[in-house]
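Protein sequences, first through last, are from chains A and B. Take any residue in the first sequence, note its place counting from 1, add 1220, and you have its number in our numbering. Take any residue in the second sequence, note its place counting from 1, add 1220, and you have its number in our numbering.
Errors might be hidden in some of the hints.
Copies of one chain are not kept apart here, so a pair can be met inside one copy or by any two copies together.
Using 20 Å as the maximum straight-line C-alpha spacing, the simulated EDC-like pairs for lysine to aspartate or glutamate come out as follows [claimed, not checked]: (1) Lys1460 with Glu1475; (2) Lys1400 with Asp1893; (3) Lys1460 with Glu1278; (4) Lys1505 with Asp1897; (5) Lys1902 with Asp1494; (6) Lys1822 with Asp1862; (7) Lys1796 with Glu1818.
Don't read these hints as lab results, they were simulated from the structure.
2 protein chains.
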Amino acid sequence: MNAMTLQVVSPVPTDIDIANSIQPQHISAIARKLNLNPNHYDLYGKYKAKVLLPVIDELKGQKDGFYVVVGGITPTPLGEGKSTTTVGLCQALGAFLDKKVVTTLRQPSQGPTFGIKGGAAGGGYSQVIPMDEFNLHLTGDIHAITAANNLLAAAIDTRMFHESTQSDSALFNRLCPPNKQGNRIFNDVMYTRLKKLGIHKKFPEDLTPEEVKRFVRLDVDPDTITWRRVMDVNDRFLRKITVGQGVDERGMVRETGFDISVASEIMAVLALTDSLSDMRARLGKMVIGNSKSGEPVSADDLGLGGALSVLMKDAINPTLMQTLEGTPVFVHAGPFANIAHGNSSIVADKIALKLVGPGGFVVTEAGFGCDIGVEKFMNIKCRYSGLRPQCVVIVATVRALKMHGGGPAVAAGKPLDRAYVSENVGLVEAGCANLARHVEIVKSYGVNVVVAVNRFSSDTDAEIAAVRAAALAAGAYEAVVCSHFAHGGKGAVKQGGVDTRSRYLICAKDINALLIIIVENNPKKIVQSDVTNTNMHHHNFLMRFYQIDLGVVVQKACENATEAFKFLYPLDASIKDKIEAIARSYGASGVEYSEQAEKKIKMYSKQGFAGLPICMAKTQYSFSDNPAAKGAPSGFVLPIRDVRASIGAGFIYPLVGSMSTMPGLPTRPCFYDIDLDVTNGKVKGLS
Amino acid sequence: MNAMTLQVVSPVPTDIDIANSIQPQHISAIARKLNLNPNHYDLYGKYKAKVLLPVIDELKGQKDGFYVVVGGITPTPLGEGKSTTTVGLCQALGAFLDKKVVTTLRQPSQGPTFGIKGGAAGGGYSQVIPMDEFNLHLTGDIHAITAANNLLAAAIDTRMFHESTQSDSALFNRLCPPNKQGNRIFNDVMYTRLKKLGIHKKFPEDLTPEEVKRFVRLDVDPDTITWRRVMDVNDRFLRKITVGQGVDERGMVRETGFDISVASEIMAVLALTDSLSDMRARLGKMVIGNSKSGEPVSADDLGLGGALSVLMKDAINPTLMQTLEGTPVFVHAGPFANIAHGNSSIVADKIALKLVGPGGFVVTEAGFGCDIGVEKFMNIKCRYSGLRPQCVVIVATVRALKMHGGGPAVAAGKPLDRAYVSENVGLVEAGCANLARHVEIVKSYGVNVVVAVNRFSSDTDAEIAAVRAAALAAGAYEAVVCSHFAHGGKGAVKQGGVDTRSRYLICAKDINALLIIIVENNPKKIVQSDVTNTNMHHHNFLMRFYQIDLGVVVQKACENATEAFKFLYPLDASIKDKIEAIARSYGASGVEYSEQAEKKIKMYSKQGFAGLPICMAKTQYSFSDNPAAKGAPSGFVLPIRDVRASIGAGFIYPLVGSMSTMPGLPTRPCFYDIDLDVTNGKVKGLS
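Whole structure, please, built from the sequences with the hints as guidance.
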């Protein structure tokens, strides 16, 4: 092997620079690897395609591959590398272990890309590319959600306005105007409302004045409206606003606000649906508030379920992209993990599982720690999809475990305390209580757990050994190191850039007996080597080794999966029983409801929504409601401040504390660094 | 010819049903007709493609085709069929006269699609398809504009907030934080601000405290902010709102509002730019308001010009679609005609003119009547593009001319008065004063005028003759009938559906000697016929004949174009002189300025913006400011209520009366009828 083909770049470049340095394959080549032909997808440029929903029907007879979900321990505000691990694992499975693999990821919100967070395509040499397209617009799904969400919002205010200014008969004449033949007719969506009202008449002229009144007056109680407008921008000044102050709106002002678009219930619908007819039904059923008599008012009552479905008809098709190593990725849906279930779409997973087939892998990610993310993955997503995972990967870092063991606070944008960059096995061991509880939570579903320790360069072997011991003691199937510390990057260590086009890298035949193979180029020229060979010693090679190690372990965990899957709670339990089951899984001794929460639970039960699963809106920074309570707190009483519902998406969400649904911009947002290279149209400064 | 191949459908189906009944060609086939190869475009599904900007450079050496713009007389609220005429003309030129032709159209706003208006893809058998994709999302350009516009809005409020809560040095530390090497640096966009401030220093540490203050404090005067948020939804309750009422915003409330997205200045920038570097510059120069000392504050002052360009980088590529007859269409940009220039993009026209080449045609449309639409096309769009049209088509209807001659008011949704459906040559003749002035306005630019009378079934030959006589007397090059009355549809007349795949139709060799040719199928089997042949007598055949007639006339007008092009005003005239030149073209005797308008003219002049062209915001329903003043009013004084500016886009816009920039929804919006056929994903009820 010619060592000169190693493009050693030190320090490791920014994510966008790495992403831009790789020429992605045409997405039709990626599709071909999955046996998709051009009728199965629509291209969106050269590097993105929407795989079309009817593929599900075509593959109905096909068996599913293995289903793996990546969760995490309770994170620090810096994040523990779940996405990067997910992408790295798939690169290992697909590009080096020759397995069929699809990564299914959430589409990131565009707002934070320009704020603090930057992009969300993985990192370093484990990324989804083109990274700028992943982070910006993608194929327009979030824009479609914004449009649909806000059309519904506009319809609510306008309908209230029209009801306030018109008589029953004027409203009726306008809603059911005579057609050219002079006949009035109801259309489909009106029959939906009539049926709900118990009016079984076919012709408008047959309605009694009382029935006309009930039909035309939604009589929305403004104080009960839960539907807010959305925008995919971090705009804190829209959190609380007053609308309707124009003179033409005649004083019908109302306090409301904007959420970030991914917090829209329509995003949750997109993530949980699996067909056009199901999506149409869910969108129509979404409840926007109550009538003054306490009846839920739905999008279909407003005549809007069909139009919302039309706006969302392309969004239901998952977007195919690729990793830096050319393995396929589905990017689809990204419900806000704070108030929704934080998992990518069911549609993408279903299609992917058929495409990879038996022996193949679909690896997805569940937002936040396993207490919230994996819990919702199991009890909401898997419940609706009917799918069952064979393996859960829990990503842990020594840094986070030290924090849980009593280390100083960790904050974004501030230098790390010394405790985090020098050996302290005691702190790690103490913090492993957090990891252990996450392992136990996941094990309770009857699924194998693999712990992946995302190793940083300052982590010592003794610290790593402590984590592994704790993981195994807690019942993990296996615990391995996975690392992308190449981009943590101490300046003193020589770093290696991986030219993925030339595919030189390590291949593990077995965990214990590592055989390193260097595949130099296409056509493949295989050069055996070993880990002591000079050029093997840089971090990317180690990273790759670890990824492959993880891949082999995950494969074993899947092949040895149990068949003992069980949910945390049955759907027919009461709302309170379900909330309490989840709270106990956190370590709580009980639950305390505010007056408001009690009232809402009664209301939703009376309205017939008690049978829905529960989507807890809780901080991700602790098992408890108190983000400062690190480690594995127990015996606390979980306070439920309020209870809300996404009826169309299909869950009740209790609020544990207050959840921000609209982030802000910092004093110096990322956008200062983002610019266009006008000579070639490439994006600069995105990280 | 087998008469059975004529799929006669009576009454004429809805637009979406006609559009859905035709299987569009794969867009790569349309691209091939223009000699575009797959490197020249990005596919967006099977029926849309974005043609990539570098095509302009590649075609630099190529000569342009003929450039035709379609305008109208002063319209009724029902519209006079400009878009349908534009599409029909292109179908005739391309599919029947075998000319290379590209139609360049505005992308319609999605908001009105769900409100009153319905779709905007032409109508009947002259449409852009797929009609639902044309009207919904398209390739995401308007969504990109919404995102960029609102990111800038969020940045304004957040910056004011941060300036109000932080000291100069805290702001400076955050804006120019030390990097990993401990050095502070300015980035590119900061140098832009420093240059504007006259500070020519390279390093942050060299700034004096006074310079730091000037650098970090934009000191925006909230009362001067002209930048509003936008949404592509008809949401009247957002016209006037109060933002910042959340507790975390500490009382920094402010009154503002939302416009419909197409009213964003960013849309006008998109329409007027012709390269990435020009777009980057314009976006950075956009002025959002003044500092308290009266200096304009720009997007680049906020550090945002680069990020906005990144959000818009794909939107700059025009979208290729097709007509029902498979002729190519560019859909690109749709600036709000009320407060911007209402013309599709310069980029699309430039690319199209090269692609059709000498002897080919690019036909575009200018919103509203010629007094506003064509005037802005000439003085703003052509001024920035450097392109010159060879022919202007003015679309007129007998209906509108009767209204201008003194007929009763015409309103949407109300039955037409008898005057409009029975012969009244006198009313028509009187109304032709309106047509004559539009012809004169256009002639003054030194361009040939063709008048196209969009004939309805109730129009009589005598009425049509009167229009033709008036048009020629006013100096029109020619006046012909063009008709799509097939979809006006009197029930008694048998209607014909055109199966465009089988291409049987009429071909005119000459205006005077008409030869009708029936081209039955592919491969072409030509059957001569004549107009008296039985199956020729339905309306679509007549419509086609008229379209071809118009095509032949337009071709002659282009071939005989004069070289005497001149603008209405020179750019170096004062703002008032320019406004007055435009007002005189309307027939005004003078202009009257409000105190506010005087103040703003002084301010913009002082700020150095007096050299920009003028974009008049005036009602389209009259030459004057009074929409009720039909015909050709003269001697009136045009009142200028206020003067605003879109500095990045590059025009000053005086407001003649108040302009609504956010439409509302009616009591029964179109969305009631719009639904998805969940069995096949097709859209129903869009019209």
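With identical chains treated as interchangeable, where does the CA-CA distance between Lys1796 and Glu1818 reach 20 Å or less: within a copy, between copies, both, or neither? within (9 Å within a copy, 66 Å between copies)
Since the copies are identical, ignore which copy is meant and state whether Lys1822 and Asp1862 lie within 20 Å (CA to CA) inside a copy, between copies, both or neither. within (12 Å within a copy, 55 Å between copies)
Please work out whether the CA atoms of Lys1400 and Asp1893 approach to 20 Å or closer within one copy, between two copies, in both situations, or in neither? between (59 Å within a copy, 16 Å between copies)
Within a copy, between copies, both or neither: which one fits Lys1902 and Asp1494 at a CA-CA cutoff of 20 Å? The answer is between: 17 Å across copies meets 20 Å, while 36 Å in one copy does not.
Between copies, within a copy, both or neither: which fits Lys1505 and Asp1897 at Cα up to 20 Å? Classified as between; 18 Å across copies, 46 Å inside a copy.
Using 20 Å as the alpha-carbon threshold, which applies to Lys1460 and Glu1475: within, between, both, or neither? both (7 Å within a copy, 13 Å between copies)
Given a CA cutoff of 20 Å, do Lys1460 and Glu1278 count as a within-copy pair, a between-copy pair, both, or neither? For Lys1460 and Glu1278, neither the intra-copy (47 Å) nor the inter-copy (51 Å) Cα distance is at most 20 Å.
Consistency note: the structure conflicts with earlier hint 3 alone.
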